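A.B. asks: Construct all of the structure, not just a fragment, from the sequences and the given hints.
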Amino acid sequence: MHRWSRLFVPTLREAPADAEVASHKFLLRAGYVRQLGAGIYNYLFLGQRSLNRIIAIVREEMDRIGQEFLLPGILPKDPWVESGRWTGMGENMFRLKDRKGADLCLGMTHEEIMTVIARGELRSYKQLPQIWYQIQTKYRDEPRPKSGLLRVRQFTMKDSYSFDLNAASLDTSYNLHDVAYRNIFTRCGLKFVAVEADSGAMGGSQSQEFMVYTDAGEDLIASCPVCGYAANLEKATSRLEPVTEMEPTGDGTPELVHTPGCAAIADVAEFFKISPASDIKCVAYMVLRRGTDSKKGGAPDTWHGVAAFLRGDHQVNETKLLGAIGAAELRTMQAEELEKYLHGPAGFLGPVGLEHDAKPLGDGLTVIIDKSLEGRKNLVAGANKQDYHYRNVTPGRDFTWTLSADIRSVNEGEACPVDNCGGKLVVGKAVEVGHIFKLGDRYTESMGARVLDENGKEVTPIMGCYGIGIERILTAAIEQSNDANGFWLPATIAPFPVVVTVTNIADAALRETGEKIAAELEAAGIDVLLDDRDERAGVKFKDADLVGIPYRINVGKKAASGQVELVSRAISQSTDVAIDEVVTAVKARIANEVKSIN
RNA sequence: CGGGGCGUAGCGCAGCCUGGUAGCGCAUCUGCUUUGGGAGCAGAGGGCCGGGGGUUCGAAUCCCUCCGCCCCGACCA
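Its first residue numbered 1, the first sequence is counted upward by one per residue in the working numbering.
Everything labelled a hint here was simulated from the structure, so no lab data went into it. The model shown is predicted, which means the values in this text are computed figures rather than measured ones. A portion of the hints provided could be inaccurate.
List time: in silico BS3-like cross-link candidates among lysine-lysine, alpha-carbon distance up to 25 Å [said to hold, decoys possible]:
no.	residue 1	residue 2
1	K558	K542
2	K371	K424
3	K385	K273
4	K557	K595
5	K77	K126
6	K191	K595
Label-pair ranges, simulated between beta-carbon atoms [what the hints assert, rightly or not]:
no.	residue 1	residue 2	range
7	E454	Q67	22 to 30 Å
8	V418	A585	41 to 49 Å
9	D301	A570	36 to 44 Å
10	E522	G120	41 to 49 Å
11	A570	A102	49 to 57 Å
12	D483	A585	19 to 27 Å
13	I571	A102	57 to 65 Å
14	I571	W303	39 to 47 Å
15	F8	E454	57 to 65 Å
16	P242	P16	52 to 60 Å
Ideal Cβ positions, reconstructed from N, Cα and C, are used throughout, including at glycine.
C.D. replies: What follows is the structure, encoded as structure tokens:
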């Protein structure tokens, strides 16, 4: 039993000015954490206690499917060079040198290290499949830490890695994680949604994110309320309404039109009296193709010009664009680069008359169009000349391209992509609490992990990797359950599921009753916090409301008649309960909560 | 990395423009009163005004520079 009078729980009446999002304010106000630097936090007693309970749930579920390891946090350079990520990770990797000048880094993820273990020890298909996991600190030099514990430079992650002989076996490992993750997030009381996700720099074929809707989130999720389709906006697709095409003018071929000052889509649409959907937007990028940095010396990074064309009313999805052309990073072109690659100024860029490479990422310009432009006709496009546009532009006839792909972001209200669904997509903000990937042989191949199959033939195992952000579970739980006075956590992950508040500690009878109830709760296997501080009742109530404990027992005036109050924080509802029944009542509420979550 | 903002007591802020003994609220400590929703009265302690340099008789205040933090964007297994 913990007595509040002896604890360090530095609650704040006011939130520090730095805190913006709800979870950040409350983590500070409730004395869960204190900031040490940008994206670096001290976890105090209540915070650590809650995180430990989350970890216990994660560990319990993971132990059903895998084996826990503990890997170093400080890592040598070599494995990263072998996988190509010593340079591939770029600035996000914390790097350091030891006294001999050797390069080291702080672990931001452990695919390479797990692969080192696998290649050193796994020899036979009989040893597969393997699922190895770790729960430990990871370090990332984030360009912009923000939002309290949501985006930080040091955090706790459950990361697991599977090694399988073939795709069917990987499916099984992947599905085991899918199930385990759903169990974990459910037990942690999160209202989550699993969405299709972009695999990003991890490479790999399939991936799914586990998201919790909250305005504090950094991801956008498109979902269909009719069929349940849900995908990260980086990945989401939709069905577009057919567009009514413009009638051609003149002889129907591209016609140069003087459009003074019409640099923005809205200006052009107004000038020609057309819908932005009939205008072709151009966004020009310089994209980076990562070199390889194998020990034998590899190719350097290279930059390439890319012009992306899409409907005027659509937005470029840079994640999709990078995926389509196989590049790692991008930035928009500067004026002189526009002149070099497109021979025109910003605001008047267009595809007509552009020379382009036959394959992506050549020496010249890669022209990529969004699929929605295919089959369109009589469009308006920039003429690569200040204050001029073309009309009557028909893709395929008047210009060609290096490749056509889905490179746009879906918009809310567009039709669900699922066959025969007919629902309309809604877009909402969410925070990512977990992510599962099928990696394939990206690491095992480059790092030389091989086993013999049943025919004695050497084969490369394939991998999956699966992460859960421990702090993000806590953060998401706070985001989804807070009000002006504080927050409440699910009983499963709260630092304490119940607090016994003795309203007046100077009253020996009340104090003894409180002690007795707390002892009985403890005997019943419930972690209990006894608020025995010599404070006014109001102070103790305010603190209890603030710090995330879902149930409170008030031991006060009614104790003389054998009653205490049982308060459920989530609904701020108080019930009078007989003293000798309160333990049973608390147990029932906790059990009921767990049941309703599941 | 681009843009914006901030740095003064533990927390929240004023003072800076127009240079002249550093303030307010909350918190803390002491005493008395109070005791079911962040109590009242009286008293007290607590500051390299982010660091360095400069201008000045004199700098929290003006100038230069560095550092740190927050927000938007870029970025983000």
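A.B. asks: List, from low to high, the hint numbers that the structure doesn't satisfy.
C.D. replies: When the structure is compared with the hints, numbers 4, 5, 9, 14 turn out to be violated.
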